[in-house]
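Sequence order for the protein chains is A and B. Using my numbering, you'd call the opening residue of the first sequence number 805 and step up by one each time. Using my numbering, you'd call the opening residue of the second sequence number 7 and step up by one each time.
FYI, nobody ran anything at the bench for these hints, they're computed from the structure. Heads up, none of these hints are tricks.
With a cut-off of at most 30 Å between alpha-carbon atoms, the simulated BS3-like pairs for lysine-lysine come out as follows:
| no. | chain 1 | residue 1 | chain 2 | residue 2 |
| --- | --- | --- | --- | --- |
| 1 | B | Lys30 | B | Lys95 |
| 2 | A | Lys1140 | B | Lys142 |
| 3 | A | Lys813 | A | Lys1060 |
| 4 | B | Lys123 | B | Lys225 |
| 5 | B | Lys95 | A | Lys1002 |
| 6 | B | Lys123 | A | Lys1002 |
| 7 | A | Lys1002 | B | Lys72 |
| 8 | A | Lys881 | B | Lys30 |
| 9 | B | Lys30 | B | Lys123 |
| 10 | A | Lys1216 | B | Lys72 |
| 11 | B | Lys30 | A | Lys1002 |
| 12 | A | Lys1002 | A | Lys858 |
| 13 | B | Lys501 | B | Lys306 |
| 14 | A | Lys834 | A | Lys813 |
| 15 | A | Lys1060 | A | Lys1140 |
| 16 | A | Lys858 | B | Lys72 |
| 17 | B | Lys142 | B | Lys123 |
| 18 | A | Lys1002 | A | Lys881 |
| 19 | B | Lys220 | B | Lys260 |
| 20 | B | Lys123 | B | Lys95 |
| 21 | B | Lys142 | B | Lys220 |
Here's a subset of chain A near chain B, in silico, CB distances under 10 Å, partners left out:
| no. | residue |
| --- | --- |
| 22 | Ile981 |
| 23 | Gly997 |
| 24 | Ile1001 |
| 25 | Pro1003 |
| 26 | Gly1155 |
| 27 | Gly1163 |
| 28 | Trp1166 |
| 29 | Arg1169 |
| 30 | Gln1172 |
| 31 | Arg1173 |
| 32 | Asp1183 |
| 33 | Gln1189 |
Derived list of chain A stretches under chain B, where covered just means 3 residues or more per stretch with a C-beta under 8 Å from a C-beta of chain B:
| no. | segment |
| --- | --- |
| 34 | 1141-1154 |
| 35 | 1197-1206 |
The beta-carbon is built from N, C-alpha and C at its ideal position, and this holds for glycine as well.
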Amino acid sequence: MAYPYRHDKETRVLSECFGDPAARTVAGWKAVGGYGGIARALEIGREATIEDVKASGLRGRGGAGFPTGLKWSFMPKTAARPHYLLCNADESEPGTFKDREIIRWTPHQLIEGCLVGSYAIGASHCYIYLRGEFFETTNVLARALEEAYAEGLVGSDILGSGVDIDITLHVGAGAYICGEETGLMSSLEGRRGEPRIKPPFPAAVGAFGMPSTINNVETLAAAAHIARHGGEWYRQWGTERSPGTKLFCVSGHVNKPGNYEFPLGFPLMELIEDVCGGIPAGNALKAVIPGGSSVPIMDAADCRGCTLCYEGVEAAGSMLGCASVIVMDETSDIVKQVRRMAHFYAHESCGQCTPCREGTTWATRILQRIEDGRGTEDDLDTLVQISEQMTGTTICVLSDSLAMPIISSIEKFREDYLALIRRGERVGAA
Amino acid sequence: MADNGRKAETVTLTIDGREVTVPKGTSLLHAAESVGTEVPHYCYHPGLTAPAQCRICLVEVEGAPKLQPSCVTMAADGQVVHTDSPAAKRMRQGVLEFYLVNHPLDCPICDMSGECKLQDYVFDEGRERGRGREPKRVFGRDDFGGDVLYYGDRCVMCTRCVRFMDEVARDSRLTVVERGSRAVIDTFFDRGLEGASFAGNVVDICPVGALVSKDFLHKARAWDLDHTPSICPNCSHGCNIELHTRDNLVQRLKPRENQEVNGHWMCDYGRANYEWLNRPGRLEAPATGRGSDRRTADWKEALELLFGRLAAAEGDVALVGSARCSNEALAGLGALGDEMRGRTAQRVFRAPRAADEVPLPGFPLLVRRRDLVPNAHGAGLLGFQRCGDDGGEGGLDEVAAHGEVIIVLGDDLADQDGDFGANASLFVYLGTFESAAAGNADFVLPITTFAEEDGSFVNAQERVQRFQQGLRPPESARPAWLVLGALVAALRGEKTPDSAPEAFARLVAAHPAFEGLSWEAVGDAGVALGAEAAHG
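Isolated chain B, as found in the complex (with noise of 0.2 Å):
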């Protein structure tokens, strides 16, 4: 605001007798929410047009002949508003009345039933009881395509989605045919949603179950789902999301807002690869031995004896890193290298790249990247080269046969085979899953996946952003940010980082490229590297 010393206009009104000053070009419903007072609302999207259509948000301007909407009703100096008065409650119940007589009251079969904004409005304020006595119409089914399908019964006809495809993905792909009550949503003639890049976004918009993912169709009722804020692990844009988890699952992914990364949005991509955070046969315990040697072992076993041989080793070390791994383990990847006696021959990362970047038109922040993970370039600020091809293969020759120390991290080596780190002299292998490429190492350590862990990662726009556990992990998996920051540690002589936010703090000191960043800093919202707030 202080910038050139102008002060933006701003105006004063009263909202239900509690007076309220708003920047100019506010509307009424958001100069409403700015005091904690909800105006029900379904055409009106803070991300789309207003076209002003579900007439629910109407309230009453005093000196005003009748109810304005308040979605595209400006607030002015002097206003008085009432979103409470007689007026404006028998309208928001007449008008929800209006939908009752024609949406089927499914609630206990339907998706949306626990976030639904018919079900919580007409909690709220709907009639005791319809007075609708006519059979409802019936429209059934529609499968859109893509991930996408149709309940006309219960569309409250806001066009959300078909403004979303117009305005947003400017991809219309969606529109409204027939009128009055007769009217529906429906794809045109000889397309649907089928390979659309965005439109799993029309799911999220949908105030009702209209609009339903068949991915998530009657997987899960939306009281039973965790939230957690995260980060979309698919590409490194980092999307902000929230894993919706339930009986230790990922159910589904949903974009968070964030107007600096992604807006409302996210893209069908990001959105639909998730279940490998679910895949069973997780690495379970610490493994030590080669071939017919391996066992398992305990962590502080399996730590002490890997102390050891770390301490003693004298070789060149080779690090493999991985962009799906957090700023936190790699930094502690990167810094067990430097403890080493050995030289870092080698400090690698490989990463999946597509042959295109895939943007929003209508919202150009938000692009899917090439680079479908979501750590490349804080594997880069950290230190590690990008090695391989776009597939996210090879380049790790010199490494398989590197004769001395080899620290692989997060990567499975899946398109390694058996000889992989025959020679090493040491072979530590910190991962998700067994590798056939693992066999010959001489430590198998079990860590977490960014779902079940607390951390942060540098998207593409060089922002830090944090991820939250939203996953328990299994058995004896440990966050790799613990594991390598006790084996540093240990081999410093120091206290082993207890939490992320510590990790976090020792990489920071270590890395110019996050300097005067903090853990409370970079918040759920992020924060861009170099960027002034960061120090704030």
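Next up, chain A with everything else stripped away, as it sits in the complex (with noise of 0.2 Å):
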């Protein structure tokens, strides 16, 4: 079976197996030169196998964006107490579907990615926490590492080097905030997922109180190919700050939405006019969500020009945060869109923080408001403020998430706002 989303351009790394069923056994995986990754780093050790990760200049794909190789480097060296690496496939940032096809298609690739993080920060336990709704992505990972088990890549004296990997699945009740990582951290222990205080961070009191690691999927799985590779090789794709190749999840307003995998760097309009096949019905686009819902929103003018690294979607005004890139022609309803997101952050609020509690759903109302044609011009003023109280006060950035698609939304798109406020005129309503 091939896979739908394929593009001549791509540069498949992560990707190269999606479609092929023999990847995902042990076998199929060792055929491309798995389990590679994790027998050289056994090999060359722990502190060169953080040294080859940190060369790589691999940042973390779960949206921060923050060095792997450094966020490794702080764990503790000493083994006083037990260290845990955690890896993040709660992926439910609304737009995104790479950490889905990473497990379904290449259970082993994270695996081998779980192993390499888990010996590169001293952990002999690794706990992959996966997403509630993913149903059939747990039982390809549930099977593949039952047969990794019986095959020795997991458990007790792994590839006979005499280290202990073990890798647990939990699979999560199905909720946004569990994929914040100290809100997973309380949700594994059996906890309400409800992110904590920083300081501490993960690396001095994590998971069951003792130093722990969280790691996305993808970025996991890179590792794995950085651990067989080096990190040099990784620096042939991407920028200097945004090294290596990342999968873009495209959805929206494009003739062939999908999973693509580039150098980061890739230009925007090239992702979405020639890999996507462009908008249907040649309409003309409108706005772009660049990384997942929690990012700003780009206008047509920002897109262009815009290459997909971190710094490049920067300079654009947003941020790459998870390479979910939403697109929107001309026909979306852009209040619409933006009250469904608050929808979402509202319900997902783990109500905490009162700024979060209080702040997601009190825009929520204002904007089904104004949908409803209900508003009023002073609400702009109020949804904007509302916003501002949110960004930056709370313990995590959920709400933040929320405030930042309301502010470029009636920054950029003013006029979709007042145009329903003055004449009861609804954009692309349809």
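Using the hints, put the two standalone chains together into the complex.
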């Protein structure tokens, strides 16, 4: 079965085996060089593995883009207490569907990445926290893990190295907030999925109170390749500040939505117009959300010349996030889209911090009222002020994540709001 | 601080332009408090862990990229902190507005009104007008069991109550259910707070009117209550409390912080048992004469008559005290026995004892003690022997049949019959209520309860603690220390003690166990017997 999302311009590192069921087995994965990464890591040692990942410049693929090697180096060097590696597979950012594809097509890629990460940080136990709705994905991974255990790749004395690394799958109950690193730890421990105040940082006090490192699925998958080929190899792709390749999840108004892998720095318009076949019915581009719903919205002008790397998207006024590109054409009702996002964040707020608990709900209700044609121009000022009060005032960034689309949409698409407020006209209401 | 010559490490920082030096490890919130600045806070409580989730205590720390939660940010050398900068004020105003989006403004019918932190902070710094136009969310009221009601609409989700039950009571019975703005506090499926031993504290620590006491519901407005520092009379641990009174009635008991005794807490048993202080039908006037000869007298007449009888009495004396009485009263009774010509044959008290102690696991100092009276230790130190059973009954057969002098102080003799003291040559009863067993008393003298007088108790930790008068006593009731002190003074030919402190000073002079103590040194926080501080 051919993978439906393919384009000749792609550089396939992580997605090489997507669509090939054979790669789901240990043998299939080994056939493409799999488990060579952990073998080499065991050979060169922990410190050298971390140095490799540092040299590669790999940045966290979960959204924040923090340098992975640096994160690993924060872990205590002594093994006085157990260390844990936590793999964040709670992929639930609206518009994002890359981790799911990595796991369901190449579960051993993730398992190998977990082994490399665990080994590097001195963890003998790794937890993979899976999104509750990932039924098929979880089954695929569970089968693969069972096989990896049977083959001696996971468990005690892996690959005859004397190193013990266990991997446990933990399925969440379906909460966006459990994808926040400390929320994930709370949930893993059996508590309510509530983020924790930092400091202490996870490398000091993480899961079960022990030093922990948490990495995204795609990050660990990339680390497996870096462990196999070395840090410099990874830098053949991407830019100085954003090395390597990245999966881009393109959805919305394009002819060929899907998962595409490119070196970072790939031009946004080329992705939309060429790789994804352009916008249906010849409509004009209106807006792009480049990094999952939690980042500022870009208008068509922002998109021109924008390159898809951390610094490139930042220069265009938004953030690369987890590279989930949501494309909206001229028929899109921005107010409705923002209201739907607001509803999502209000529904997913854990409710600990007042600005988030109350602010996300309040903003949703104001947006709903505007959408229903009962808004006033004052409401826009109120929305912006609420959003400012939700920015930088909470334990985690969930409320910031709603503030950004609200503020940017009012800034860039004020006319859409005013048309509704003044004349009751909905843009693209079809 | 002087121990081992080691100096505690301190840090010096600037808060709102003032230089402050505090011990290392002090939070910015406490550092600000030390210079008299209250940083508003809800989720933080000094007796609980700090989740830093209410976000109203955020302050500006120069050099930090964002406002910092002052409850969990530790003071550091050279820090420059602004609690009142435009950014901090704007944020607080914002958080207060968020609370009011859904908080019902039902202050006129809310029990917390007048002592509500949301009310206070909004009055201080809130917006003049709210901008919320959407209808408010409604949860309604939930009975949590025990004495606790939950008004979900008023809740600010600070989770103090959940953390109290988890961390201090270690009896997890409350939790947050749902999430986001749908989150409410709730009990678990099959049980609430009924039968819990310390659950009443969740009402005290609730910063708003979300958790209220059923017993206190709609009984009084906060601003009508007088607060009097006192000691819980319901067990020998002697939790420091406040009597909250209105219309000369105790309306509720509230814990008063004392880290040496009860922290911020008190038990539900102690909290619930106060109605006896409000019971009507008290002894109102002194009376003399047995049976049909009984007639009321004024104090002067009664005491003169009694003094004459006491001075003339020859026989052995039986003293029955009560561990509900103050040290001053019990010392007065003992002194009276000593001044009489006859030998003191009996010097006893009775007190109910519970089968078990009830500890508070998260604050191990606090234990609901077995003795369900406040001054069993004081009575012991002052020479009284415990008698009777664990119900606080019996044990008085010898006294009841005693043929010579019987003086009963504060024991209502409820289990005794009408023959009590029938053979006595002189029977004096100092009490608060009429008693069938006092029918043979030659003198019935109305005394005050601990709530109607100043005095002291000794708790189970051997700590002397003072309580103050919170209620006006009935017509002619007098503190027992005064009545007994007057009689002792008359027998000795000295001045009657004119105050509780004076009575205490005489007690200290007479009893080595109390050596070195002064009324002032005991103060509102109490002092341990034999402790250095007592002499300081």
